[in-house]
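So the protein lines, in turn, are chains A and B. Note that the numbering used here gives residue 45 to position 35 of the first sequence, counting from 1, and the numbers run on in steps of one. Note that the numbering used here gives residue 500 to position 92 of the second sequence, counting from 1, and the numbers run on in steps of one.
Bear in mind the hints are in silico, worked out from the structure with no lab data behind them. Ideal Cβ placement from N, Cα and C applies to all residues, glycine included. There could be a bad hint or two in this list.
[Unchecked claim] Derived Cβ-Cβ restraints for the label pairs, each shown as a range:
| no. | chain 1 | residue 1 | chain 2 | residue 2 | range |
| --- | --- | --- | --- | --- | --- |
| 1 | B | Q425 | A | K79 | 24 to 32 Å |
| 2 | B | G480 | A | R26 | 28 to 36 Å |
| 3 | B | G411 | A | T89 | 20 to 28 Å |
| 4 | A | A23 | B | L478 | 27 to 35 Å |
[What the hints assert, rightly or not] In the DSSO-like style, the derived pairs of lysine-lysine whose C-alpha atoms are separated by at most 27 Å in a straight line are:
| no. | chain 1 | residue 1 | chain 2 | residue 2 |
| --- | --- | --- | --- | --- |
| 5 | B | K491 | B | K423 |
| 6 | A | K108 | B | K452 |
| 7 | A | K108 | B | K470 |
| 8 | B | K470 | A | K113 |
| 9 | B | K486 | B | K452 |
| 10 | B | K419 | A | K13 |
| 11 | B | K452 | A | K113 |
| 12 | B | K452 | B | K419 |
| 13 | B | K452 | B | K470 |
| 14 | A | K108 | B | K486 |
| 15 | A | K113 | B | K491 |
| 16 | A | K13 | A | K113 |
| 17 | B | K423 | B | K452 |
| 18 | A | K13 | B | K452 |
| 19 | B | K423 | B | K479 |
| 20 | A | K79 | B | K452 |
| 21 | B | K470 | B | K491 |
| 22 | A | K108 | B | K479 |
| 23 | A | K113 | A | K79 |
| 24 | A | K113 | B | K479 |
| 25 | A | K79 | A | K13 |
| 26 | A | K79 | A | K62 |
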Amino acid sequence: DAKTTQPPSMDCAEGRAANLPCNHSTISGNEYVYWYRQIHSQGPQYIIHGLKNNETNEMASLIITEDRKSSTLILPHATLRDTAVYYCIVRGGGSNYKLTFGKGTLLTVNP
Amino acid sequence: EAGVAQSPRYKIIEKRQSVAFWCNPISGHATLYWYQQILGQGPKLLIQFQNNGVVDDSQLPKDRFSAERLKGVDSTLKIQPAKLEDSAVYLCASSLLGRGGMDYGYTFGSGTRLTVV
Numbered sequence: 011d012a013k014t015t016q017p018p019s020m021d022c023a024e025g026r027a028a029n030l031p032c033n034h035s036t037i038s039g040n041e042y043v044y045w046y047r048q049i050h051s052q053g054p055q056y057i058i059h060g061l062k063n064n065e066t067n068e069m070a071s072l073i074i075t076e077d078r079k080s081s082t083l084i085l086p087h088a089t090l091r092d093t094a095v096y097y098c099i100v101r102g103g104g105s106n107y108k109l110t111f112g113k114g115t116l117l118t119v120n121p
Numbered sequence: 409e410a411g412v413a414q415s416p417r418y419k420i421i422e423k424r425q426s427v428a429f430w431c432n433p434i435s436g437h438a439t440l441y442w443y444q445q446i447l448g449q450g451p452k453l454l455i456q457f458q459n460n461g462v463v464d465d466s467q468l469p470k471d472r473f474s475a476e477r478l479k480g481v482d483s484t485l486k487i488q489p490a491k492l493e494d495s496a497v498y499l500c501a502s503s504l505l506g507r508g509g510m511d512y513g514y515t516f517g518s519g520t521r522l523t524v525v
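Chain B on its own, in the form it takes in the complex (with noise of 0.2 Å):
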């Protein structure tokens, strides 16, 4: 099966300037995660959807991020204006839950590394 596609890979901005990233999850998969992983960090959650509904987005800078996932398939993160401290590797995974409860995993994309300068 096709993994998580993510685009772009890599992104270099101006401070205060706006930027987006996309993510196609794997077909059928109704969970979908965008994580953000600053240099020597392990990834941090900033929002889950289930399927176009928001789960979790307590640690999203609402200020100046946004998600959207509007049809229940792929999402877009957007961050306006974008600071030097958001310079990270964005990182988007989806996840299905089986017959039964089976929990089969996350799975990642590669993730788009951006650079605020």
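Excised from the complex, chain A in its bound form (with noise of 0.2 Å):
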């Protein structure tokens, strides 16, 4: 599986767009880049994931570069609860592929 790049922490003042940066630029043709949150003491949660095309949940929009080489994961109007870290992982296509964490981003939201 490719490997993910992601700063280590971020900021977001509450009610504003958070913007995540994922960088993946060994990514493969049949490779989707998914994102995953983890809140303090829980399991990691599936947010959502994309092949190529923009995606958009009731969660978050994630945007992927023409090229594919990078994506951002857009909360639209943070919250205090969104605060957490969040795993970008690319991987191959259906449930026998595994997701390999790395570190991920630490969004702390604001008040």
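Build the complex from these two chains, which are given one at a time in their own frames, with help from the hints.
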């Protein structure tokens, strides 16, 4: 699976959009970009995933560049409860492909 | 739907003792994973099951760790004997591959926090 690079930490003001970047320059054509987050003392939570098109769900939007070498997770209106470690993961499709976690980005939403 | 259930929530043991963790995945999820998360790090995959068969156990320290999923439903992870460096949160996750290959992502349990003293 391709490796990813994320900033170790970011801050965001409550109510503003949080934009979390991820670089995955070695991604291959059949690999998806997944985002998970982990709130303190909980297991990771699935947020969103995509292949090459931008995706949106009730939690977030995922913007993938045309060359697929980077992506951005957008939380449109961050709340204090969005404070968590956010993991960007690249993996093949299907349930038999494992998720390999890096250190992620600690997003702190400030009041 | 009910989530992934794990027990116990916390466990403290002395080094060289044995310990077991239990996981009940979401009903119908064929794939089950055990992860180890050391403080300050991302989760690391220990073992992956597809139904009751092992798909990947390349990072499982097999001299002391074992896992089973006998009936393809719930699973146990055992450590015998435990070492100080086994102190971590042990996370169980399950996943479902839907029709047409639609991937709904992993669902994780809350984990078991193990402290080895």
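Report the numbers of all earlier hints that the structure fails to satisfy, in ascending order.
Structure breaks hints 1, 2, 4, 10, 19 and 24.
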